[in-house]
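Number of protein chains: 2
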Amino acid sequence: MADTDSGGVRSVQRAVELLALFDADHPSRSLRELVEETGLPKTTVVRLAHTLEQVGLLWGRGDGQYVPGSGLLRWAELAGHTWRLPEEALRRLAELSAASHGETVNLYVRQRGSRVCVARHEGTRTLRHVVRVGTRMPLWSGAASHVLLSRADRADVLAVAAGAPREGWGEPLWERVRRAAEDGWAVSHGEREPGVSGVAAPVFDRAGRLSAAVALGGPTVRFTDEAVAAFLPHLLSTARALTILDCIGGTA
Amino acid sequence: MADTDSGGVRSVQRAVELLALFDADHPSRSLRELVEETGLPKTTVVRLAHTLEQVGLLWGRGDGQYVPGSGLLRWAELAGHTWRLPEEALRRLAELSAASHGETVNLYVRQRGSRVCVARHEGTRTLRHVVRVGTRMPLWSGAASHVLLSRADRADVLAVAAGAPREGWGEPLWERVRRAAEDGWAVSHGEREPGVSGVAAPVFDRAGRLSAAVALGGPTVRFTDEAVAAFLPHLLSTARALTILDCIGGTA
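Same order as they appear, the protein sequences are chains L and W. Heads up, the first sequence is in numbering that gives the first Met the number 0, so the first residue is 0 and it goes up one at a time. Heads up, the second sequence is in numbering that gives the first Met the number 0, so the first residue is 0 and it goes up one at a time.
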């Protein structure tokens, strides 16, 4: 029974991993590619693909290629209902981008050991920070992560840090998280990726729970102390406006 | 091993069924609702919900409510890449609606025993046919179904008819499908739902395979023989235009 259960959990995870192989750069995949990319036995991939076809999430197009199934449209609508911000909130993100002279604005929510971009306003500068909606990023680095963890307890933060590829990251991360909690915002330079900086502030839901982090991201050369000091009031007022709108993840 | 395998398939199906409980009318669900609606044991629902949370498709919001997870945003983007029609194709659907004096236009693809609406232009009449993108409908009825089955063999059509709630539907459906194949279009009145009519025509992909059905839908009172005769040339030219655009389900 326990075996069947873990088999079930694993199958759901594998099914999601299989679907994750499709993206804008890979709109279709052959069975061979699916086998190669997952590293799973061919029989397992065939069985998974068959199941995903049955539920409409995958479509064997007939020319040997698989494409994401039309059943995803149902999920797309669902994601839209829950996660699409109201116009007013999107306008706030755009205004923050303009106030920062065209840096990119992202809104992140925590998802276990990751943060996921749930909304954004892409910057207008030639060199700009680009994170697509739906992208999952590590929670162990970056100003947005420090903010998202700023209500977490020490054990939680240490567990997140344990997922980082660097040794002994627990204490430095805990210190950054505590500073974010004290200051009510955070800044980071090149922590996740060299040359990329971010400034982030927390968004709360109606019940006062931390629901998201709104962040400005761009190249470190443009995120000087003076620039960050100039961005900050706009960032904080955007965060407050989003808190008042109470529109993150279907909390409205 | 066989048991574990079928457990895996079943888990994926159940996971999808669980997510299907969320929609515009049910943006959040309590664990109790999930148990009641699925009819599954509570332990199974808890395990499934936990797995779905891990992969980001469900979000336990902390107030006892579950909402669709931010991971769905990734699938929404994927669905958009594969299924969103180019502007030119959407414009054609809008023009067909206008040519029919405001009836609703839907584009359906076959998904095993169902048809799924993958694009639409909603009519402008007070009484109008409304089918949302992503909605799955039975393949055993309606003009769009007859068209979608018009290249299927008899055994396939009879198997589809076996899923219908009415006895002895195999031969009548096969006859309608054959007529759709001969005529290159189909009309139906009140077959799926009393008072609702449809006219549909086939769309093909570059390789000449039937890929979709484009359909006009509305109240039977407005789909008189004269009206259908007037709609038909517009419908057929829309179907040809979509065939030339070759844009259904990532076939482009």
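Since the hints were derived computationally from the structure, they do not count as laboratory data. A hint or two may mislead.
[Said to hold, decoys possible] Here chain W is said to cover these stretches of chain L; the calculated rule only asks that three of the stretch's residues, wherever they fall, bring their Cβ under 8 Å from a Cβ of chain W:
1) 65-72
2) 76-88
3) 131-144
Heads up, the beta-carbon is just placed ideally off N, CA and C, and yes, glycines get one too.
- Given coverage of the region 65-72 of chain L by chain W, checked by CB-CB distance under 8 Å (3 or more): holds (count 7)
- Task: Count the residues of the region 76-88 of chain L whose CB lies closer than 8 Å to any CB of chain W, then report whether that count reaches three.
- Result: As far as the region 76-88 of chain L goes, the hint holds, because 7 residues have Cβ atoms under 8 Å from chain W.
- Query: Counting residues of the region 131-144 of chain L with a beta carbon closer than 8 Å to any beta carbon of chain W, are there 3 or more?
  - Reply: Our answer is that it holds, as 5 residues pass the Cβ test (under 8 Å) against chain W, meeting three.
The structure is consistent with each of the numbered hints, conforming to all of them.
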